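Engineer: In the order they appear, the protein sequences are chains A and B.
Just so you know, the first sequence maps onto residues 133 to 1011 in this note's numbering.
Just so you know, the second sequence maps onto residues 4 to 310 in this note's numbering.
To be clear, the hints were calculated from the coordinates, so they are not data collected in a lab.
Any given hint could turn out to be false.
Claimed, not checked - Derived lysine to aspartate or glutamate pairs resembling EDC-like cross-links, with alpha carbons at most 20 Å apart:
id : chain 1 : residue 1 : chain 2 : residue 2
1  : B       : K23       : A       : D222
2  : B       : K23       : A       : D329
3  : B       : K83       : B       : E40
4  : A       : K654      : A       : E796
5  : B       : K176      : B       : E240
6  : B       : K53       : B       : E40
7  : A       : K958      : A       : E925
8  : A       : K359      : A       : E331
9  : B       : K83       : A       : D214
10 : A       : K355      : B       : D91
11 : A       : K566      : A       : D641
12 : A       : K381      : A       : D462
13 : A       : K431      : A       : D335
14 : B       : K83       : A       : E378
15 : A       : K351      : A       : D335
16 : B       : K148      : B       : E183
17 : B       : K169      : B       : D133
18 : B       : K23       : A       : E213
What the hints assert, rightly or not - Simulated restraints on C-beta separations:
id : chain 1 : residue 1 : chain 2 : residue 2 : range
19 : B       : K194      : A       : Q257      : 31 to 41 Å
20 : A       : A356      : B       : A87       : 50 to 60 Å
21 : A       : Q267      : B       : D213      : 56 to 66 Å
22 : B       : T128      : A       : A356      : 20 to 30 Å
23 : B       : P177      : A       : Q343      : 53 to 63 Å
24 : B       : F123      : A       : E363      : 38 to 48 Å
Computed from a prediction, not measured in an experiment: that's the story for all the values here.
We put the CB at the ideal spot given by N, CA and C, even for glycine.
Listed here are the chains, written in short residue letters.
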Amino acid sequence: MSPRCWPTKSVFSNRCKRNNGMVIQSHPDSIDVRAAPWPALLLLALLFSFMPIESDAARDVAEKRECATCHIAWMADFKREDVFTLIPNDPRPMQKTGRQDVVSIERMCFSCHDGFALDSRFLWQGGHSHPVGVQPSDKVRIPTEDGKNIFPLNDAGNVYCGTCHSAHGIEWGDQLSPVFLRAENVDSSLCVMCHTDREGETDGHQNHPLQKDVPKEAKGLLKAGSKFSQENKVICQSCHRVHAAEEKKLLVKKNDRSQLCATCHTDKSADSAKKKSKHFTHPVGKAPKFASVPKRFAKAGSKFGPNEEVICETCHRVHHAASDKLVVLDRDNLKDGICVTCHENKRGILTNGHNMFKVRQKEMADAEISAILGPCGACHNIHGGQGPKMWARAFDKKGDRTAGLCLSCHEKNHFAEEFTVGEYSHPVGAALPKGVKKPKQLPLFTAAGESTTSTKRGLVSCPTCHDVHGSASRKGGSSPGKAGRKSKGKYLRIGEQDRLVLCKACHQDKWSIINTKHDMAKRKDGANANSTSLGVCGNCHVVHNGLGPRIWARDDISKQTDPTTLCKSCHAEGAMAEDKTVGEHSHPIGVPIEDAGIQVTKRGWVTQEGGKTKKAPASLPLYDAKGRKQKGSGLVGCGSCHDPHRWDSASAKNSPHPESIEEEGDARNSFLRVKASPDGQLCATCHRSKATIRATDHDMAVTAPETNNVLHATPEQTGVCGQCHAVHNAAQDLVLWARLPGPGGDAAEMLCRSCHIQGEVAEAKAPKQAHHPNYVKAWASELRESDDQKGEEIPVFSYSGRHADIGYISCPSCHNAHRWRASEAKEGSGKNEEGDVLSSFLRVPTTEGFLCADCHGLDAIFRYKYFHGAKIDTAAPNK
Amino acid sequence: MILVLLMLFLSTPLLAAEMKASLVEYRKVMDLTGTAESEMVMPTDVAIGKGQRVYVVDSGNHRVLAYAADGSFLFAFGSKGSGAGQLDSPVGIAASRDGRVLVADRGNRRVQIFDSDGAFLKTITTILGDAEVVPVDVAVDQAEKRIFVSGSAPYHRLLIFDNSGKAIGIWGKPGNNFGEFRYPAALAVSKDDETYIVDVFNTRVQVLNDKGEYLVTVGSWGVTPGHLFRPKGVAIENDDQILVSDSYLGVIQIYNSDTRFHAVLGTNGEIARFDTPAGMTVDKRDRLYVAEMLANKVSVFQPVQAQ
């Protein structure tokens, strides 16, 4: 690459080897000045010798050249007619003083700030910038000095770059944003010089406050181009970016879903489940389901998200807001409070007893907030409340949090203490009964207190039945626990006249009570002590202020010590159901279920049979001593066998029973949870080892279907067990015997001879000599046999028929009345069959180890048959 | 004297009316505008690499786009960030014959080196002692043993690194004399191992020899043909002609190898107008690639006589 033009001292005197750009002919269309007429050139040279050469001078004079770094229009070449410039002279836009020109167009700025010298590329990278080329709006007030605009407009009266920027005449400190601004811009002070309506209060309108502390969460905005004051306070440029802003309105960050607002106001943003659990504030980011924002909001500047979501700006305006809380509407337009303006379905509170403005104005939690929120402010703090309901009052956070909100007033020593729920009240914080679908009309709540439609997570709480924002009860009722006191209104979601429907909404499984003997509405004598008629449910149960467990409404059972007390409210002498009492001899109540050999596990009831764990056919409810249902093990109660809401276990649970109020019950119904007839399934649930009696000769349905027990009930009515045992009103306490005892040497024999006697159903099997001589007493098997000699159990009995350690050898010593064949633990054949030594309800299948043989030798079995036979030798030596 | 003035009066308007720049005719070949998914944003520089691949600094997207010689998009690499292989407001780019692609990662104060497929290879930090040098452009010498990096304000120097990333020299200093710089920017290395450095605010291109000694200057301040107002890019054609882009004037001017002004790049008989032309390069076929920043594209031209 030669020849070279070697350097001289200064670059600006490097013209020696150059042609000054005046032209080298290489293009047919171009004009080479060297081809111009020589006389003219000579003349030009002569002329230039007398004239200053401005273009060269401009290049030589450093100071002038520095100015022309931006003021390109000042370059003399543009004024010369003898040279060709690479661009035309176009000094627009001009400012009226004539001082401002093309220097302040964006392209000039970019020519230095494009990354090759300085780097401000981000300013040109899309986005939004302060408008130029437009006239200032009416809201803008350009300040003047000596009658002149401090921020000049161009000839067209439009804003241009030079309106704010100038490189001249401004003294900037090191820290004062030295970006060629026409005025210092300390903490956005330049912005509000023109935008006077955007700061503080103007014309009765409010703006987002400036000089507020910036939360640490907002530091992330710095990356988006935000600026904060030197004291880390909010300034205009914290939200707005004059150049290359990401969003319209020159916002540094998208705000169509209140993203920018939420950056600082983290405690007021709940646009996600995570935030909701942390900040209890009015939700944003969701389209309103139960509210509608009136049109006057939109007219006042209310905004929504892209999918009609509620956002911060739905209620608030950052600039030109109507109140000091930056709310869109002023108080005159919010006389009922901003909440009910949108939440129309909550307007009932304006006229009901929960309007704290009317009933307890002094109880308003925050007068300032309430002034905007209206009566809602007494209980809710729209930003900064507690829990999902933004609760504004102190409340007990233990237990059911939703109920805690209500109890923050409706509790003793609180101002609504006259409307408390009492010790015995409908449970809250409880899941719906198993299998019950969530009622459409009634909301459920999570443990945290949030409304939910999930029956899995949803719990019943006070607002499930009560709508505190709605109108008061449509029809006054009474509180059974508070005699004579009329309810002032219960805010029930379903009107009180439809109370049954309200109960049924959840307790569908209790609906089979209709038309049964327990349907108090059908009984003339059904009303409880405190009311004339409370329908099918209310006569036995009261939702609040109950008289004992199971929110009992009839008698005070709070002091009860066994689980039968509740039933005895009616089933007792002198009471409404005195004809259905249990009698002197009845199934034991209040005994642990383990006494029946039952183990209560998480999977249900199990029993030990033959060394194996077997699951019981059913699990029945158990109770504590006060009659409260237990989840695990407990005591047997009336409710273990009886479901007072269902007459027939085979009938549908959730629909009224066919009329049955006059029907006499038996083991197939009678509110039994499981049918006890014909096969004694209910009894066998606990008494598993006795179930083998079915279809044997001792099953009266097989051998004597026409017989009656002592209560005049047939086998069909009583089931297999009920012919010999009466659960209630038995003839005697011993095994709740249900037949007339026969003769015998001991009580046990007398039971057997109820049937095995001449003239009774088992007269064919009536032994002439039925009892063993009672001067002989034997040890019970456990005492008689050593551990290594254990055989079949041969029980012995006391005179009263109870198992004894040393007692009489009676019929049940040899016979197990519930098992036909000792070798097989199974039901009978269903036929009346003749027995033999291997069956006949005998306890042991062989004579080995047989008790009888201890005294009578190996012929004991034959002696036994002899004495039981028809040819009895009454002169037998053992008589 | 009167005669002289009369002649001047008669001849000057005629002369001015016919004033035009001499042009070298180029033909537009194509535009490179980005990918199917996203457009190019403020491209700053172009380099021709191994296999005649065209690498474009898509500075607004903080990435590099690779194209085949026919202009078909191949792949992109880099994303905004400061991690290895990430870029922050890159400006210049160079490609070596051995397949390396070097990017001046201005925002991260470093040069990042990738292989020809965009895989990250190495970082050269441009922080020297207390001096945080803002890298603008990068170039490789003919032996591909030295890497030149132009360091912008307040450094105003040229840094020389070896291939291991070790700084082995500093050329120039701030100022406006020969061998001094005010905002050194785009770089190009000639076949003779002479380094061409666009000296933006001194409105010239300085040429240094392989020892960093000043040789000559191309262009000077002005708005008439042959002069420069905002020089940004420099490229050397295969016949050693020197092309200099001017981002404000929006033109590319061509200088002979002896640095004399030759012509303005033209098309269709007119001066070719570019929108903020910046970095440039020329491929083996004399195709000229011009990064037009505010047009968000790379324009590809070819001299008419070369076709």
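Engineer: Given the hint that K23 (chain B) pairs with D329 (chain A), does the C-alpha gap stay at or below 20 Å?
Structural biologist: The given pair, whose Cα atoms are some 54 Å apart, is violated under the 20 Å limit.
Engineer: Does the alpha-carbon distance linking K83 (chain B) and E378 (chain A) stay inside the 20 Å limit?
Structural biologist: holds, 17 Å
Engineer: Next pair to validate is K359 (chain A) with E331 (chain A); report whether the Cα-Cα distance is within 20 Å.
Structural biologist: Distance of about 17 Å is within 20 Å: holds.
Engineer: Tell me if the straight-line CA distance from K381 (chain A) to D462 (chain A) falls inside 20 Å.
Structural biologist: The hint is violated at about 24 Å.
Engineer: Do the Cβ positions of A356 (chain A) and A87 (chain B) conform to the proposed distance bound of 50 to 60 Å?
Structural biologist: At 25 Å between Cβs, range violated.
Engineer: Honestly, do K194 (chain B) and Q257 (chain A) meet the 31 to 41 Å range at C-beta?
Structural biologist: holds, 37 Å
Engineer: Is the straight-line distance between the alpha-carbon of K53 (chain B) and that of E40 (chain B) 20 Å or less?
Structural biologist: Roughly 25 Å separates the two Cα atoms, so the pair is violated.
Engineer: Given the proposed pairing of K351 (chain A) with D335 (chain A), does the C-alpha separation stay at or below 20 Å?
Structural biologist: Violated, at roughly 33 Å.
Engineer: Taking 20 to 30 Å as the hint, is the beta-carbon distance of T128 (chain B) and A356 (chain A) inside that range?
Structural biologist: This hint holds: roughly 27 Å between Cβ atoms.
Engineer: Quick one, are K431 (chain A) and D335 (chain A) close enough, alpha carbons at most 20 Å?
Structural biologist: Holds, at about 18 Å.
Engineer: Tell me if the straight-line CA distance from K566 (chain A) to D641 (chain A) falls inside 20 Å.
Structural biologist: Distance of about 9 Å is within 20 Å: holds.
Engineer: What's the verdict on K654 (chain A) and E796 (chain A), does the C-alpha distance respect the 20 Å limit or exceed it?
Structural biologist: Status holds; Cα separation ~16 Å.
Of the hints listed earlier, those the structure fails to meet are numbers 2, 5, 6, 9, 12, 15, 16, 20, 23, in rising order.
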